[in-house]
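Given only the sequences and the hints, what does the whole structure look like? Please build it.
Okay, here's what each chain looks like letter by letter:
Number of protein chains: 2
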Amino acid sequence: MKIAVDAMGGDHAPKVVIDGLLRARDEYPDLEFIVYGDEAQVKPLISDDTRITLVHTNEQIDGNDEPVKAVRRKKQASMVLSAQAVKNGEADAVFSLGSTGALLAAGLFIVGRIKGIDRPGLMPTLPTVDGKGFIMLDVGANAEGKAQQLLNYAVMGDFYARDLRGLKNPRVALLNNGSEPHKGDTLHQETYQLLENLDSINFIGNIEADQLLKGVADVVVTDGFTGNAALKAIEGTAKTILKLVKGAIYDTGIKGKLGGLLLKDGIKGIASTFDVSSYGGAVLLGLKAPVVKAHGGADADAVYYTIKQIHEMVQNDTVGKVQSYFARQDDDLA
Amino acid sequence: MKIAVDAMGGDHAPKVVIDGLLRARDEYPDLEFIVYGDEAQVKPLISDDTRITLVHTNEQIDGNDEPVKAVRRKKQASMVLSAQAVKNGEADAVFSLGSTGALLAAGLFIVGRIKGIDRPGLMPTLPTVDGKGFIMLDVGANAEGKAQQLLNYAVMGDFYARDLRGLKNPRVALLNNGSEPHKGDTLHQETYQLLENLDSINFIGNIEADQLLKGVADVVVTDGFTGNAALKAIEGTAKTILKLVKGAIYDTGIKGKLGGLLLKDGIKGIASTFDVSSYGGAVLLGLKAPVVKAHGGADADAVYYTIKQIHEMVQNDTVGKVQSYFARQDDDLA
Numbered sequence: 001m002k003i004a005v006d007a008m009g010g011d012h013a014p015k016v017v018i019d020g021l022l023r024a025r026d027e028y029p030d031l032e033f034i035v036y037g038d039e040a041q042v043k044p045l046i047s048d049d050t051r052i053t054l055v056h057t058n059e060q061i062d063g064n065d066e067p068v069k070a071v072r073r074k075k076q077a078s079m080v081l082s083a084q085a086v087k088n089g090e091a092d093a094v095f096s097l098g099s100t101g102a103l104l105a106a107g108l109f110i111v112g113r114i115k116g117i118d119r120p121g122l123m124p125t126l127p128t129v130d131g132k133g134f135i136m137l138d139v140g141a142n143a144e145g146k147a148q149q150l151l152n153y154a155v156m157g158d159f160y161a162r163d164l165r166g167l168k169n170p171r172v173a174l175l176n177n178g179s180e181p182h183k184g185d186t187l188h189q190e191t192y193q194l195l196e197n198l199d200s201i202n203f204i205g206n207i208e209a210d211q212l213l214k215g216v217a218d219v220v221v222t223d224g225f226t227g228n229a230a231l232k233a234i235e236g237t238a239k240t241i242l243k244l245v246k247g248a249i250y251d252t253g254i255k256g257k258l259g260g261l262l263l264k265d266g267i268k269g270i271a272s273t274f275d276v277s278s279y280g281g282a283v284l285l286g287l288k289a290p291v292v293k294a295h296g297g298a299d300a301d302a303v304y305y306t307i308k309q310i311h312e313m314v315q316n317d318t319v320g321k322v323q324s325y326f327a328r329q330d331d332d333l334a
Numbered sequence: 001m002k003i004a005v006d007a008m009g010g011d012h013a014p015k016v017v018i019d020g021l022l023r024a025r026d027e028y029p030d031l032e033f034i035v036y037g038d039e040a041q042v043k044p045l046i047s048d049d050t051r052i053t054l055v056h057t058n059e060q061i062d063g064n065d066e067p068v069k070a071v072r073r074k075k076q077a078s079m080v081l082s083a084q085a086v087k088n089g090e091a092d093a094v095f096s097l098g099s100t101g102a103l104l105a106a107g108l109f110i111v112g113r114i115k116g117i118d119r120p121g122l123m124p125t126l127p128t129v130d131g132k133g134f135i136m137l138d139v140g141a142n143a144e145g146k147a148q149q150l151l152n153y154a155v156m157g158d159f160y161a162r163d164l165r166g167l168k169n170p171r172v173a174l175l176n177n178g179s180e181p182h183k184g185d186t187l188h189q190e191t192y193q194l195l196e197n198l199d200s201i202n203f204i205g206n207i208e209a210d211q212l213l214k215g216v217a218d219v220v221v222t223d224g225f226t227g228n229a230a231l232k233a234i235e236g237t238a239k240t241i242l243k244l245v246k247g248a249i250y251d252t253g254i255k256g257k258l259g260g261l262l263l264k265d266g267i268k269g270i271a272s273t274f275d276v277s278s279y280g281g282a283v284l285l286g287l288k289a290p291v292v293k294a295h296g297g298a299d300a301d302a303v304y305y306t307i308k309q310i311h312e313m314v315q316n317d318t319v320g321k322v323q324s325y326f327a328r329q330d331d332d333l334a
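Chains as they are written, first to last, in the working numbering: chain G, 1 to 334; chain D, 1 to 334.
A hint or two may mislead.
From the derived model, a few chain D residues whose C-beta atoms are all more than 10 Å from chain G [stated by the list, open to error]:
| id | residue |
| --- | --- |
| 1 | P44 |
| 2 | N58 |
| 3 | D163 |
| 4 | L198 |
| 5 | I204 |
| 6 | Y279 |
| 7 | A300 |
Stretch-level coverage of chain G by chain D, calculated; a stretch enters the list once three of its residues show a Cβ under 8 Å from a Cβ in chain D [unchecked claim]:
| id | stretch |
| --- | --- |
| 8 | 180-191 |
| 9 | 200-210 |
| 10 | 232-242 |
Derived EDC-like pairs: lysine to aspartate or glutamate, alpha-carbon spacing no greater than 16 Å straight-line [unchecked claim]:
| id | chain 1 | residue 1 | chain 2 | residue 2 |
| --- | --- | --- | --- | --- |
| 11 | D | K239 | G | D130 |
| 12 | G | K243 | D | D130 |
| 13 | D | K183 | G | D185 |
| 14 | D | K239 | G | D210 |
| 15 | G | K183 | D | E144 |
| 16 | G | K146 | D | D185 |
| 17 | D | K246 | G | D265 |
| 18 | G | K243 | D | D210 |
| 19 | D | K214 | G | D130 |
| 20 | D | K243 | G | D130 |
| 21 | D | K264 | G | D251 |
| 22 | D | K146 | G | E144 |
| 23 | G | K268 | D | D251 |
| 24 | D | K146 | G | D265 |
| 25 | G | K246 | D | D163 |
| 26 | G | K239 | D | E208 |
| 27 | D | K268 | G | D251 |
| 28 | G | K239 | D | D130 |
| 29 | D | K183 | G | E235 |
| 30 | G | K214 | D | E235 |
| 31 | D | K243 | G | D210 |
I should point out that these hints are in silico values taken from the structure, not numbers from a laboratory.
Where a beta carbon is used, it is the ideal one built from N, C-alpha and C, also for glycine.
In structure tokens, the structure reads:
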């Protein structure tokens with residue numbers, strides 16, 4: 001099993017990328033890596049290059065690049081070369097901490113879409129109070145949603161929840177502005193009908209955004225625009241409140257005392273629960289291979305967990321199963 | 001100045017409604033109330049009926065009623081009678097804790113829209129870390145947004161921020177899935193262009209949902225579907241995290257100690273900062289009179305603050321100013 005790694009994406013590249021990668025390499029003997037990046041920066045970080053092939057490149061895509069143009073023009077960029085490795089059959093999956101837009105473009109133009117999938121969906125794993133978490137898609141690969149796309153997100157999310165999260169009958173819900181079936185705009189009303197009529201999934205109906213963290217659904221289907229707003233509102237609110245709570249603790253003067261130290265650990269635990277990156281990366285589901293993005297600010301731990309997640313996706317052939325499903329649908333229609 | 005009050009809406013009606021009302025009545029000598037509700041329940045709560053006229057009705061609209069039908073059929077419902085009082089010129093504003101959908105229907109069919117406004121927007125005041133807060137609209141009056149409607153929300157929000165929040169040059173932002181001008185779906189790209197070309201407001205560009213609580217904008221314009229998701233995601237996340245924090249404090253055993261008591265107050269303060277109802281009610285902007293809704297779970301304090309807010313809106317003639325603005329636009333086009 002080979003993973004193509006873009007070593008140059010993210011805020012702390014290539015250090016955190018290589019540190020996380022080495023930990024995953026040591027844990028999984030079946031895992032090999034092709035690492036794309038600046039040799040001068042990357043090589044010194046690899047103390048032991050067992051099952052690691054380093055391919056030098058100077059070019060990289062940054063946040064200021066227009067995604068589609070960058071992927072087309074910067075043919076030697078570490079992200080583009082990683083996607084190319086999958087296309088050429090040299091690797092099974094792509095991993096990057098770089099720009100979501102560019103990774104989506106590289107996924108679409110180089111790795112390619114699964115037949116039957118119009119647009120891939122970006123799918124992170126998010127926390128719930130019971131610690132089990134849920135997946136939500138699309139959170140921003142696609143700003144303009146269509147009902148058929150949302151239906152495909154439901155099917156792909158269901159496969160992922162069974163395969164990767166080990167759920168036998170994942171509860172699939174539609175993010176909407178009310179719980180009743182008739183709620184929402186035309187897009188969400190149409191999507192509700194499609195999901196209701198899809199026998200292969202366990203559709204439990206609409207979910208409102210204030211219920212997301214309660215763990216009432218395993219797969220939440222949403223259009224990329226609304227999903228993006230909900231995800232960012234959750235992240236921003238969690239960060240803001242925890243900062244205020246830390247301030248309140250500081251103000252009491254109990255910070256250094258025994259209870260204060262316990263509390264500090266408790267709050268740290270809550271903070272890490274709501275730190276989305278600790279749940280692995282966000283998967284671009286709908287492409288012909290796992291293309292997975294970790295947060296730009298991810299640390300070596302987050303990189304390790306994301307590689308672990310990719311390892312499982314390749315091992316279970318999740319993408320292959322999704323591909324077969326949509327091929328069967330196609331045959332049924334033909 | 002007369003406010004028509006639906007005494008029967010909300011989870012703790014009519015008790016909290018009357019308690020909050022009495023406090024506002026005692027504070028504002030220019031304020032009179034027409035209270036619609038069940039005399040047997042309401043009358044005993046009014047210890048002193050100075051400037052309060054109680055109008056008995058048995059009928060009321062509840063959460064299970066289909067809003068439009070209910071407003072059309074339940075002609076004696078306390079909410080319908082309140083709206084009717086404004087239509088007949090007997091009152092200047094409507095206040096209710098009842099169903100948002102029904103209040104919107106009553107606003108549209110009985111109070112009526114301002115000429116030039118296609119759909120009213122629901123506008124709450126939300127917290128920011130600096131304690132100043134911001135307004136956001138639409139958060140759910142209208143599931144299907146159009147660019148022209150969002151433009152109108154910006155204009156109305158700007159009037160409100162100047163008039164009620166005392167801001168000289170309110171910063172108006174568009175909730176979008178990225179900060180760059182070209183971001184978003186067609187609706188948000190179109191809206192960006194319209195806002196950019198509107199000289200009367202101080203448009204500062206796009207804002208992402210994770211920035212909302214930071215206080216970077218005074219008026220946030222959004223379509224009702226996205227706004228609803230963002231608002232509920234904020235509410236749900238705040239509630240969830242504060243619950244976890246309280247649990248963490250409890251686990252340390254410092255709860256009863258001196259620092260713990262201080263901390264309890266600190267956390268309470270944070271909780272009340274993020275309790276949306278403490279910022280007054282949500283205004284249905286775009287109707288011919290102030291129609292304001294407090295949260296169904298609001299307490300007497302929230303009722304008091306909402307009546308205070310209505311008092312200011314009527315005193316400043318905010319709705320009149322909005323109405324004149326759109327009448328002028330109409331004249332300019334004619």
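Taking the hints in turn, this is what the structure says about them:
1. P44: Non-interface label on P44/D holds, nearest chain G Cβ at 35 Å vs cutoff 10 Å.
2. N58: holds (27 Å)
3. D163: Nearest chain G Cβ is 28 Å from D163/D, so the label holds.
4. L198: Fine: 23 Å to the nearest Cβ keeps L198/D off the interface.
5. I204: Given a closest Cβ separation of 17 Å, the condition holds.
6. Y279: holds (16 Å)
7. A300: With a cut-off of 10 Å, A300/D remains clear of chain G, as the shortest Cβ separation is near 24 Å.
8. 180-191: Result for this restraint: holds, n = 5.
9. 200-210: Contact hint for the stretch 200-210 of chain G vs chain D: holds, 3 residues under 8 Å.
10. 232-242: With 11 residues in contact (Cβ-Cβ under 8 Å with chain D), the coverage given for the stretch 232-242 of chain G holds.
11. K239/D - D130/G: holds (15 Å)
12. K243/G - D130/D: Judged against 16 Å, a Cα distance of about 13 Å means the pair holds.
13. K183/D - D185/G: violated (21 Å)
14. K239/D - D210/G: The given pair, whose Cα atoms are some 9 Å apart, holds under the 16 Å limit.
15. K183/G - E144/D: Roughly 11 Å separates the two Cα atoms, so the pair holds.
16. K146/G - D185/D: holds (12 Å)
17. K246/D - D265/G: holds (14 Å)
18. K243/G - D210/D: holds (14 Å)
19. K214/D - D130/G: Given that 16 Å is the threshold and the Cα spacing comes to 28 Å, the pair is violated.
20. K243/D - D130/G: holds (13 Å)
21. K264/D - D251/G: At roughly 12 Å apart (the allowed maximum being 16 Å), D251/G and K264/D satisfy the hint.
22. K146/D - E144/G: holds (14 Å)
23. K268/G - D251/D: holds (14 Å)
24. K146/D - D265/G: violated (47 Å)
25. K246/G - D163/D: Violated, at about 35 Å.
26. K239/G - E208/D: holds (14 Å)
27. K268/D - D251/G: holds (14 Å)
28. K239/G - D130/D: Judged against 16 Å, a Cα distance of about 15 Å means the pair holds.
29. K183/D - E235/G: violated (20 Å)
30. K214/G - E235/D: holds (13 Å)
31. K243/D - D210/G: holds (14 Å)
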